[in-house]
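Chemist: These protein sequence lines map, in sequence, to chains A and Z.
Take the first sequence: its position 27, counting from 1, is numbered 582 in this note's numbering, and each next residue is one higher.
Take the second sequence: its position 86, counting from 1, is numbered 87 in this note's numbering, and each next residue is one higher.
Calculated directly from the structure, the hints in this document are not laboratory data.
One should not assume that every hint holds.
[To be verified] No more than 20 Å apart at the CA atoms, straight line, and that leaves these computed lysine to any residue pairs for SDA-like:
(1) Z:Lys10 - A:Gly595
(2) Z:Lys10 - A:Lys636
(3) Z:Lys15 - Z:Val114
(4) A:Lys636 - Z:Val114
(5) A:Lys636 - A:Gly596
(6) Z:Lys10 - A:Asp594
(7) Z:Lys10 - A:His593
[Stated by the list, open to error] Stretches of chain Z that chain A covers, calculated by requiring three or more beta carbons in the stretch to come under 8 Å of a beta carbon on chain A:
(8) 42-49
(9) 67-73
Even for Gly, the Cβ is constructed at its ideal location relative to N, Cα and C.
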Amino acid sequence: GQSLEQPSEVTAVEGAIVQINCTYQTSGFYGLSWYQQHDGGAPTFLSYNALDGLEETGRFSSFLSRSDSYGYLLLQELQMKDSASYFCAVRDQTGANNLFFGTGTRLTVIP
Amino acid sequence: NAGVTQTPKFQVLKTGQSMTLQCAQDMNHEYMSWYRQDPGMGLRLIHYSVGAGITDQGEVPNGYNVSRSTTEDFPLRLLSAAPSQTSVYFCASSYSAGTARGQYFGPGTRLLVL
Numbered sequence: 556g557q558s559l560e561q562p563s564e565v566t567a568v569e570g571a572i573v574q575i576n577c578t579y580q581t582s583g584f585y586g587l588s589w590y591q592q593h594d595g596g597a598p599t600f601l602s603y604n605a606l607d608g609l610e611e612t613g614r615f616s617s618f619l620s621r622s623d624s625y626g627y628l629l630l631q632e633l634q635m636k637d638s639a640s641y642f643c644a645v646r647d648q649t650g651a652n653n654l655f656f657g658t659g660t661r662l663t664v665i666p
Numbered sequence: 002n003a004g005v006t007q008t009p010k011f012q013v014l015k016t017g018q019s020m021t022l023q024c025a026q027d028m029n030h031e032y033m034s035w036y037r038q039d040p041g042m043g044l045r046l047i048h049y050s051v052g053a054g055i056t057d058q059g060e061v062p063n064g065y066n067v068s069r070s071t072t073e074d075f076p077l078r079l080l081s082a083a084p085s086q087t088s089v090y091f092c093a094s095s096y097s098a099g100t101a102r103g104q105y106f107g108p109g110t111r112l113l114v115l
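Chain Z extracted, bound-state conformation (with noise of 0.2 Å):
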């Protein structure tokens, strides 16, 4: 199993520019999510599904949006770049079953918004 896996790895964008950062698992997890990840802090929640076709806000979701019309992906898109945005982007998949097993992590994708 490749786990999750996270598209581009690094990207530069110019304010105003709009892009989707691609998340794929193949461990049939039902749920997904996005975080962001700021120098010298946690991570944040950005969006998150419980299922194809069902998705939600977290605690920082301005200026994101997501759908999910398979149980394997969930693209994350920019609608506009700011250089808040500037960030490291985790997508993570989970059983539905409780957190005993914890969350899976994609190995990020850095962004820088200029």
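For reference, chain A alone in the conformation it holds in the complex (with noise of 0.2 Å):
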């Protein structure tokens, strides 16, 4: 089976930076994705590591650690409209991209 862990919830001051931790299991592993989703939104495609490292889109940062089945999203310069849940995601057992996805990150940031 595949499982996801993530912190149900974080806070966060508007300006500072927040990382939001994953850890996965997975039989077959195809890369680790993130999902950004507002209340009342759909889910937005953010970032994706295949590779162990650190992938960089704008204020946003994604790591991966293939070893440690552990990665990691970076938030930099956290805005209010930052505020949202954000979702880890690993490719599923069917091939045809689709996703298993943790339960959710809820970031709260806070002036």
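Work from the hints to combine the two standalone chains into their complex.
Modeler: Structural data, given as structure tokens:
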């Protein structure tokens, strides 16, 4: 089976840096993805790591360590609009780009 | 491009009623999927399709049917609604070339079954 663990809630101050961790268990690993979801909205793709190391996209970075079955999403220069839920996900067993999602981390940015 | 569109946005059903949730995409994506999201949970895969005429089951397929007659459309049918199917339903599509580009999600359909 597959499982993903991430913290349920994180609170951080506007302008600060926050890291959201994700550990996974899966047979057959094809990369770790991160999605953002605002309340009432749809998940939107943020980043994808297939290989070990850091991927940077503007204020967001994502890291993967396959040997540790671990990854994280790093958000810098936090803005109020970053308040949302963040999901890590791995490709599932269907072989059709479908994703198995974690239960999400709710990030609250405070002034 | 409109991306992935879903209708209706909201729906209330009585137990035992049937309905179809519509999903369409205009990006010429080969792959399409349906997920459900329950409060405080991640998304779970219901059914998926790798091309017109080809569908398969995901993690939670019971009580749902799908078909894919065209590349653009992938409707989800609830055969006999049950309160346990109260959820938010998301349709997604992607290229067949891997997850690097991610899945594109529609805005969702919020379903309440009484």
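Chemist: Against the structure shown, which of the earlier numbered hints fail to hold, in ascending order?
Modeler: 2, 4, 9
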